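Chains as they are written, first to last, in this note's numbering: chain H, 19 to 143; chain R, 4 to 634; chain E, 3 to 178.
Hints are computed from structural coordinates only; laboratory data are not their basis. Nothing here was measured: the structure is a model prediction, and the numbers come from that model. Each residue gets a CB set at the ideal place from its N, CA and C atoms; glycine is no exception. Treat the hints with care, since some could be wrong.
[As the list claims (entries may be wrong)] Beta-carbon label-pair distances, calculated as ranges:
| hint | chain 1 | residue 1 | chain 2 | residue 2 | range |
| --- | --- | --- | --- | --- | --- |
| 1 | R | His578 | E | Asp163 | 49 to 57 Å |
| 2 | H | Asn45 | R | Met368 | 38 to 46 Å |
| 3 | R | Arg479 | H | Asn45 | 48 to 56 Å |
| 4 | E | Pro43 | R | Ile79 | 47 to 55 Å |
| 5 | R | Pro153 | E | Lys170 | 42 to 50 Å |
| 6 | E | Ile10 | R | Leu57 | 26 to 34 Å |
| 7 | R | Phe451 | E | Glu53 | 52 to 60 Å |
| 8 | E | Glu53 | R | Ser447 | 49 to 57 Å |
| 9 | H | Thr65 | E | Asp163 | 21 to 29 Å |
| 10 | E | Lys170 | R | Leu593 | 33 to 41 Å |
| 11 | R | Pro153 | E | Asn82 | 42 to 50 Å |
| 12 | H | Trp123 | R | Leu139 | 57 to 65 Å |
| 13 | E | Lys170 | R | Glu536 | 54 to 62 Å |
[What the hints assert, rightly or not] Covered stretches of chain E, as calculated for chain R (at least 3 residues, CB under 8 Å):
| hint | segment |
| --- | --- |
| 14 | 16-26 |
| 15 | 82-90 |
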Amino acid sequence: MLIRFFLFFSMIFSNLTISESLYKFDNAEDEKRFYSLIKEIRCPKCTSGSLASSNAPVSEDIKSKIIELIKEGKSNQEIKEFLSDRFGNQVLYNPGLNKDTYFLWFAPGLFLIMILLIFFFRKKT
Amino acid sequence: MLIEIAHFLSIVATGLFFLCFIFSIFFDSKDVYIINLVSRIYSHSFFIFLSSFLIYVWLAINDNFSVLYIAQHSNINLPVFYKISSIWSAHEGSMFLWIIFLTTWGVVYNFSTKNDQLLKARTLGIISLTSVGFLLFLLLTSNPFETILPLPPENGADINPVLQDPLLAIHPPMLYLGYVGFVIAFGQAIAFMLEGDPKIKWEKQVRSWSVASWSFLTLGIALGSWWAYYELGWGGYWFWDPVENVALMPWLAATAFIHSLSASSKSSILRIWTLLLSILVFSLSLFGAFIVRSGIIDSVHSFANDPERGLYLLSFIGILVMTSLLLFSLRFNLLISSKKIVSLSKESFISINNIFFGALIFSTMLGVLYPLIYEFIFDQKISVGAPFYNAIFVPVTLIACIFLYFSIDSKWQQSFNLKALYQPLFLSIIFSVIIVSLIFFQFSISGFWTLMSLTVGLIIIIRYLIVIYFYFAYKRFANFFSIISHCGLGLLIISIALNDNLSSERALNIKINETEIYKDHQITFTNLRVVPESNYDSVKADFLVTNPNGDTFTLTPEKRKYFARGQVTSETAIHASVLKDIYMTIGDQLDDGSWIVNIQFNIFIRWIWFSAIMMVVAGLLLVHSLARSKA
Amino acid sequence: MTIIIRFIIVSTTLAFFSFFYFYINEDKYYPGADFTISEMPNFKLKDLYSERLFKIEDLEGTFLINVWASWCITCRVEHNFLTKLDSKNIPIIGLNYKDEEKDAISWINRFGDPYKFIIHDYKGELALDLGVTGAPETFLLNDGKIIAHYRGEVNDMIWEDVFKPIIKKENLFNVN
């Protein structure tokens with residue numbers, strides 16, 4: 019019985035991250051920025067899900083790093099670039115607007131407008 | 004021995020369903036004798052197949068670990084309820100359940116439709132064909148009847164502890180019920196197209212089935228969202244996960260479909276839209292099944308990861324969908340009616356509604372497929388997530404809602420006088436602007452889209468309140484199904500906007516007997532205790548929370564270690580109230596003995612599911628009312 | 003008009019399903035393998051056994067970096083293969099990832115040392131810069147550039163399928 023509890027506690031401890039960051043922020047804005055950023059960054063180890071939804075060790079490390087970068091005054095864009103340089107573009111849930119993603123961002127709107135136009139201007143024989 | 008019987012019964016059922024299909028297609032489907040025959044064979048096949056499933060359930064309850072699947076997913080120590088639900092906790096069993104529900108809808112249709120209905124035989128035939136396709140998939144690639152002989156294990160593996168949850172046990176059945184219910188509309192549509200007689204009013208016949216399926220689908224998705232919220236530990240309720248998206252697309256199509264049905268069942272307008280949508284809804288359900296089952300898009304739901312399965316499903320679904328769409332492209336010209344859609348009539352608004360939903364379906368499909376296409380072309384990986392979907396859904400939904408607002412006064416096949424709209428329009432805008440301003444000043448909400456969402460949601464609700472008032476005061480007509488479901492929609496928009504804007508969280512670092520203050524609440528760590536349970540050990544942390552009014556309550560998040568697989572999970576503790584949820588989870592313990600504890604304030608989150616329930620209720624009420632008017 | 007609609011419907015569905023057909027059948031990239039070329043990041047970390055500090059300048063030529071830890075069970079399985087590589091004179095540098103020094107040292111004492119030297123990345127700083135998500139992971143470097151990154155256990159099969167092709171292509175290690 020006692021051994022079981024001991025094993026259990028050591029099981030929790032082994033999740034312990036060595037990083038010291040305790041999610042301490044200098045101000046409320048930083049805190050808000052952090053929590054909204056981690057929703058937009060994909061956990062590189064999980065099959066799917068954001069950093070917010072993951073407590074994998076590497077996710078915790080990345081989160082600590084993000085807090086560090088926020089404290090250093092880095093912008094959201096800089097933080098995202100920092101992470102995509104290291105973990106690949108797929109770690110960003112926002113694929114960005116560039117020549118390869120124009121279709122993604124504009125097709126829905128164009129589709130909607132096109133069909134609406136056809137509907138409103140169709141020949142009413 | 005029993006398992007072999009169950010296996011045999013499933014094979015027999017497959018053959019009989021196939022026979023059913025053959026008779027309905029290659030013989031005169033309008034001959035009463037044939038209809039009787041098809042109907043009989045279908046019922047018999049169903050009961051044989053059902054017996055196979057019931058034997059399987061019996062084997063699961065009785066811990067028959069000679070069945071490979073049961074050994075992999077169940078365990079002697081599981082409560083009976085979870086032994087049963089373990090059947091659909093993974094691929095083979097899920098498919099089994101899917102086909103059971105598919106055939107069940109068929110048999111209920113069979114029993115409640117008279118044999119003099121012209122399309123009945125072929126509808127049953129199509130349902131049978133679909134069942135055969137999935138049964139072959141089950142028996143040939145995903146066999147739940149495989150055995151471990153001659154030495155069955157004494158005990159099974161434990162199922163993933165995260166799956167041992169009552170809500171999660173109900174979520175798949177509810178969802179599947181919704182998905183496959185549309186096979187009836189699909190079958191009728193195909194039968195209608197094959198028959199080629201535009202005078203047959205198939206739309207009227209499928210309305211109840213479709214609205215009922217829609218209600219189940221809505222409920223299934225809402226349950227999944229609620230489960231994810233309290234189980235996964237980070238307080239989100241929708242993740243734009245690929246598998247969530249492929250469940251959303253049939254729902255969008257189904258919503259458009261039931262609206263289009265309401266128009267076509269009353270007149271011959273919008274029949275082409277309705278026909279197309281009936282094929283689209285079921286195709287998207289099948290597509291969803293394909294995506295999840297083939298594991299082609301990695302996701303938290305992924306059960307299977309097998310190209311053979313993917314190819315089979317793809318071929319089967321591809322042939323089914325392509326044939327039905329081909330048939331559609333050949334027959335839709337039969338439905339080009341001489342009646343044109345009158346501007347500003349209800350039908351015109353429903354057409355516009357269909358277009359908006361079509362755009363949302365297109366966008367979701369694009370978001371889901373884009374990473375695949377991108378990887379295929381550029382050999383690089385990208386992810387498309389919440390930022391994209393939010394950017395599309397929010398504006399499109401709000402604009403569609405504005406059209407909804409104007410449609411409230413529209414009439415069937417007639418235009419309406421816009422001038423009559425001035426007073427209610429004025430009233431609703433004034434009230435909602437007042438309310439939104441109050442909210443803005445009280446809570447300092449910022450953000451253009453948040454404010455727009457609140458305004459749009461409010462004008463819809465206020466407008467309907469005016470309608471209700473007129474109903475009671477002046478006996479003016481009111482469609483309560485519309486009122487309840489659309490108010491649900493308005494409430495959904497408002498809740499999502501408020502939740503997104505006002506919620507907050509923090510990771511506290513706290514030792515026993517210490518108190519931290521968050522958002523004017525005092526949180527005291529009162530106790531840490533270890534509690535053994537039947538299949539896991541639990542560490543419970545008690546927190547006494549005092550709110551600004553002086554009320555206190557206890558929250559006890561815990562960490563559990565399950566014996567069978569050694570998995571450690573975190574259980575959330577939630578204090579729910581009308582305006583917000585206080586949500587806590589335990590993190591890790593640090594070297595100095597203190598614990599990291601996550602606390603979240605989720606504002607208005609219960610209202611999100613409540614609005615989904617409103618829609619479900621509206622749907623079920625409509626089904627009830629349709630059933631009563633038929634009888 | 004009808005013909006246009008027919009054409010659109012048929013072609014869209016056909017395109018849709020063929021795409022999936024080709025996608026499933028495609029020889030996808032080996033799951034876990036990444037061949038994007040990137041610069042080796044800068045670092046300053048301690049040797050596992052001494053106080054000596056390693057810097058990027060200490061890394062020369064062509065070699066593997068293997069990320070491992072004493073708490074990593076798969077690493078024990080991988081260890082045999084690494085010893086085999088070492089005996090074939092493939093230089094491997096160990097990156098000890100988020101491990102206690104004494105645990106790492108006793109692990110090496112117990113199972114053997116296939117590494118030219120071992121960098122002790124206690125906080126996982128270099129690992130983060132490399133994009134490491136866990137252990138074991140292996141990088142192939144040539145001339146200061148990372149040319150291959152594999153997540154997971156390296157064994158005969160992975161070596162053949164993932165690393166050998168690029169080794170041959172770049173003509174590395176002369177013999178192997």
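Hint by hint, here is what the structure shows:
no.	hint	in the structure
1	R:His578 x E:Asp163: 49 to 57 Å	holds (53 Å)
2	H:Asn45 x R:Met368: 38 to 46 Å	holds (42 Å)
3	R:Arg479 x H:Asn45: 48 to 56 Å	holds (55 Å)
4	E:Pro43 x R:Ile79: 47 to 55 Å	holds (52 Å)
5	R:Pro153 x E:Lys170: 42 to 50 Å	holds (48 Å)
6	E:Ile10 x R:Leu57: 26 to 34 Å	violated (46 Å)
7	R:Phe451 x E:Glu53: 52 to 60 Å	holds (57 Å)
8	E:Glu53 x R:Ser447: 49 to 57 Å	holds (54 Å)
9	H:Thr65 x E:Asp163: 21 to 29 Å	holds (22 Å)
10	E:Lys170 x R:Leu593: 33 to 41 Å	violated (49 Å)
11	R:Pro153 x E:Asn82: 42 to 50 Å	violated (35 Å)
12	H:Trp123 x R:Leu139: 57 to 65 Å	violated (41 Å)
13	E:Lys170 x R:Glu536: 54 to 62 Å	holds (57 Å)
14	16-26	holds (count 8)
15	82-90	violated (count 0)
Hints 6, 10, 11, 12, 15 from the list above are not met by this structure, while the remaining hints are.
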